[in-house]
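Trainee: Listed here are the chains, written in short residue letters.
Protein chains: 4
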Amino acid sequence: MAWVDLNQQQKAIDLLASRGVSLQDIAEVTFLIQKDYFADLTMDFCLHNVQKVLEKTEVQHVVFTGIALDELAEKQMLPQPLQDIVHSDMGLYGVDEILALGIVNIYGSIGLTNFGYVDKAKVGIVGKIDQIGKENDQCMTFTDDIIAAIAAAAASRIAHNNGKRS
Amino acid sequence: MAWVDLNQQQKAIDLLASRGVSLQDIAEVTFLIQKDYFADLTMDFCLHNVQKVLEKTEVQHVVFTGIALDELAEKQMLPQPLQDIVHSDMGLYGVDEILALGIVNIYGSIGLTNFGYVDKAKVGIVGKIDQIGKENDQCMTFTDDIIAAIAAAAASRIAHNNGKRS
Amino acid sequence: MAWVDLNQQQKAIDLLASRGVSLQDIAEVTFLIQKDYFADLTMDFCLHNVQKVLEKTEVQHVVFTGIALDELAEKQMLPQPLQDIVHSDMGLYGVDEILALGIVNIYGSIGLTNFGYVDKAKVGIVGKIDQIGKENDQCMTFTDDIIAAIAAAAASRIAHNNGKRS
Amino acid sequence: MAWVDLNQQQKAIDLLASRGVSLQDIAEVTFLIQKDYFADLTMDFCLHNVQKVLEKTEVQHVVFTGIALDELAEKQMLPQPLQDIVHSDMGLYGVDEILALGIVNIYGSIGLTNFGYVDKAKVGIVGKIDQIGKENDQCMTFTDDIIAAIAAAAASRIAHNNGKRS
Chain C
138 MAWVDLNQQQ
148 KAIDLLASRG
158 VSLQDIAEVT
168 FLIQKDYFAD
178 LTMDFCLHNV
188 QKVLEKTEVQ
198 HVVFTGIALD
208 ELAEKQMLPQ
218 PLQDIVHSDM
228 GLYGVDEILA
238 LGIVNIYGSI
248 GLTNFGYVDK
258 AKVGIVGKID
268 QIGKENDQCM
278 TFTDDIIAAI
288 AAAAASRIAH
298 NNGKRS
Chain F
138 MAWVDLNQQQ
148 KAIDLLASRG
158 VSLQDIAEVT
168 FLIQKDYFAD
178 LTMDFCLHNV
188 QKVLEKTEVQ
198 HVVFTGIALD
208 ELAEKQMLPQ
218 PLQDIVHSDM
228 GLYGVDEILA
238 LGIVNIYGSI
248 GLTNFGYVDK
258 AKVGIVGKID
268 QIGKENDQCM
278 TFTDDIIAAI
288 AAAAASRIAH
298 NNGKRS
Chain U
138 MAWVDLNQQQ
148 KAIDLLASRG
158 VSLQDIAEVT
168 FLIQKDYFAD
178 LTMDFCLHNV
188 QKVLEKTEVQ
198 HVVFTGIALD
208 ELAEKQMLPQ
218 PLQDIVHSDM
228 GLYGVDEILA
238 LGIVNIYGSI
248 GLTNFGYVDK
258 AKVGIVGKID
268 QIGKENDQCM
278 TFTDDIIAAI
288 AAAAASRIAH
298 NNGKRS
Chain S
138 MAWVDLNQQQ
148 KAIDLLASRG
158 VSLQDIAEVT
168 FLIQKDYFAD
178 LTMDFCLHNV
188 QKVLEKTEVQ
198 HVVFTGIALD
208 ELAEKQMLPQ
218 PLQDIVHSDM
228 GLYGVDEILA
238 LGIVNIYGSI
248 GLTNFGYVDK
258 AKVGIVGKID
268 QIGKENDQCM
278 TFTDDIIAAI
288 AAAAASRIAH
298 NNGKRS
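Residue numbers (my numbering), protein chains in the order written: chain C, 138 to 303; chain F, 138 to 303; chain U, 138 to 303; chain S, 138 to 303.
Bound-form chain C, shown alone (with noise of 0.2 Å):
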């Protein structure tokens, strides 16, 4: 096992709750994608996994980049055009799915699939944040991606790990 930087994770675990996430928030989307596989999977074992994706530098990575881009449009910060397009959410801007790809690919291509579910069908917190970049000033477009990616990758995490100690 690799040493953890146990003060990255925290960082990257305060800037989503700078954004309004907790990883409770997170873990009951990864609780609500695998709960008809799984019979006694509960809420404090999802949580764990949580925990332990965002142990990953790569996962830390895309985290501090794209809300780092979230909180630069809010401050309307960023050049045009790329101000206007992330702000906005733009739909044919595929840059903040690409970026939670970083987190996902890792973990194979059941994190993959449950990703594009939990992006499109805006399943718990990922659909409260949506929204909430909708209809204020606050700009979500990287933060919603970067929250379903990692639920989906705690869900793959414990389809790999099932049965077996994690």
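No lab work stands behind these hints: they were computed from the structure.
Careful, some of the hints might be misleading.
Because identical chains cannot be distinguished in the list, a pair is counted as satisfied if it fits within a single copy or across any two copies.
[Unchecked claim] When the alpha-carbon atoms are kept at most 27 Å apart in a straight line, the in silico DSS-like pairs for lysine-lysine are as follows:
(1) Lys189 with Lys212
(2) Lys212 with Lys271
(3) Lys172 with Lys271
(4) Lys212 with Lys148
(5) Lys172 with Lys189
(6) Lys148 with Lys265
(7) Lys259 with Lys212
(8) Lys259 with Lys172
(9) Lys148 with Lys193
(10) Lys259 with Lys148
(11) Lys189 with Lys265
(12) Lys172 with Lys265
(13) Lys265 with Lys212
Position chains F, U and S relative to chain C; hints supplied.
Mentor: Below, chains F, U and S alone, put in the same frame as chain C:
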């Protein structure tokens, strides 16, 4: 515009038909996942886009490869342990989804999230084919992912060309 | 054929020029990695294909996003710890390559392997830009990967259209 | 840590050996592409990382599937037109690289660029296997990409764990 190998395209269409899947079936999935975004979307336009997706060499190659694997599994001609893994559509086997990425990747991130959704929600013919694979001796491990990918790719094509000449 | 937003394409070209990269420079990379496969390959044809790659909305969006991140890093305007990670082009930071995948993925697997090669072997302008990013206050963390991706995408376009009208 | 299915791992190693590829051969590729970054890199450490890569279920499944396709092509048992496409390793056929992505994706973007490099530069055993596939009746269309992917994944593993307990 590149020349299109109509012969190879027809082979791919014939192969899908031999698995019980018509282009109309796939177009219906595209229609179902796109109708909420485009008020005047027609089945004809979805069908046209499914056909355009099947013009691509990469797409044809994935169809040839995936369906060959399903057919070989039905004939018990794959070596072990692959034979059992593919025929039972083992939960952790993800090569079917990876192969399908060869189709959706070339249609950008909209294709990817739509694929994840269709694959997991088992929309239309995708659900029917998945069920057939579970109920009898037929093996649909790759077939269901491939048609989900074609439908998602057509949806992405529509999103990118909407209001424009396609 | 979809309408092309010439305005956005020109913005992307201007942005690349502002980083010291001409389309000619990128076409040269494409030429270097493809000349062994096509005896009659010309620089003009490579340049034409680089231009076609830059017509795509997905490609323009990656250019806008990646170069914005490099410019913001140069102006010390990214939040920490992202500012230090991006400005130093930290070895384990892979978001630059992930973003570049948004360009190469839509050109199939030939684009992907060519991207890996150009990125690692630092062919032509990619090596020069990488060096500039290391030597002075300029930040080229995203820029070098983006031009590697455009060159690789053009190479894939040539491979797929060779002997056919492009 | 998840339980490791040593049986499946050994099957994958045996399959590679049946194609003329030892873990030592793959570790050598990893060594060649990583030695410039880590002064004290040893062949033993590369071999250890190659073995760890082969512990993963996703990796084993790609090995089983890809090598089965090469073997079936050698026995003329694939349906047409796939038989000719795979046996001749047709230039535009990219399913072999896509399958290999199932290995490298789970090791992040460092794995991806290394894979592109090894695949195109044909480092060590990758070049030898590619040559064997071209010279006689053996088909190495998938085998060469799979070993390139394993070597690249091991390289990424080393980069991520360097200076840390692995």
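Trainee: Now look at each hint and say whether the structure bears it out.
Mentor: Structure-based check of all given hints:
Within a single copy, lysine 189 and lysine 212 get their C-alpha atoms no closer than 32 Å, and across copies no closer than 34 Å, so neither meets the 27 Å cut-off. For the homomeric pair lysine 212 and lysine 271, the shortest alpha-carbon distance inside one copy (16 Å) is at most 27 Å, but the shortest distance between copies (29 Å) is not. Only between protomers do lysine 172 and lysine 271 lie at most 27 Å apart by alpha-carbon distance; the minimum there is 21 Å, versus 30 Å within a single protomer. Taking the closest pair of Cα atoms, lysine 212 and lysine 148 come within 27 Å of each other both inside a single copy (21 Å) and across two copies (22 Å).
In this assembly of identical chains, the alpha carbons of lysine 172 and lysine 189 lie at most 27 Å apart only when taken from the same copy (19 Å versus 31 Å across copies). Only within a single protomer do lysine 148 and lysine 265 lie at most 27 Å apart by alpha-carbon distance; the minimum there is 23 Å, versus 34 Å between protomers. In this assembly of identical chains, the alpha carbons of lysine 259 and lysine 212 lie at most 27 Å apart only when taken from the same copy (26 Å versus 36 Å across copies). Both within a single protomer and between protomers do lysine 259 and lysine 172 lie at most 27 Å apart by alpha-carbon distance, with minima of 17 Å and 17 Å respectively.
For a Cα distance limit of 27 Å, the shortest separation of lysine 148 from lysine 193 inside one copy, 13 Å, qualifies, whereas the shortest one across copies, 30 Å, does not. Taking the shortest Cα distances, lysine 259 and lysine 148 sit within 27 Å of each other inside one copy (25 Å), while across copies they are farther apart (33 Å). For a Cα distance limit of 27 Å, the shortest separation of lysine 189 from lysine 265 inside one copy, 24 Å, qualifies, whereas the shortest one across copies, 36 Å, does not. Taking the shortest Cα distances, lysine 172 and lysine 265 sit within 27 Å of each other both inside one copy (21 Å) and across copies (23 Å).
For a Cα distance limit of 27 Å, the shortest separation of lysine 265 from lysine 212 inside one copy, 22 Å, qualifies, whereas the shortest one across copies, 34 Å, does not.
Checked against the numbered hints given earlier, the structure breaks only hint 1 and satisfies all the rest.
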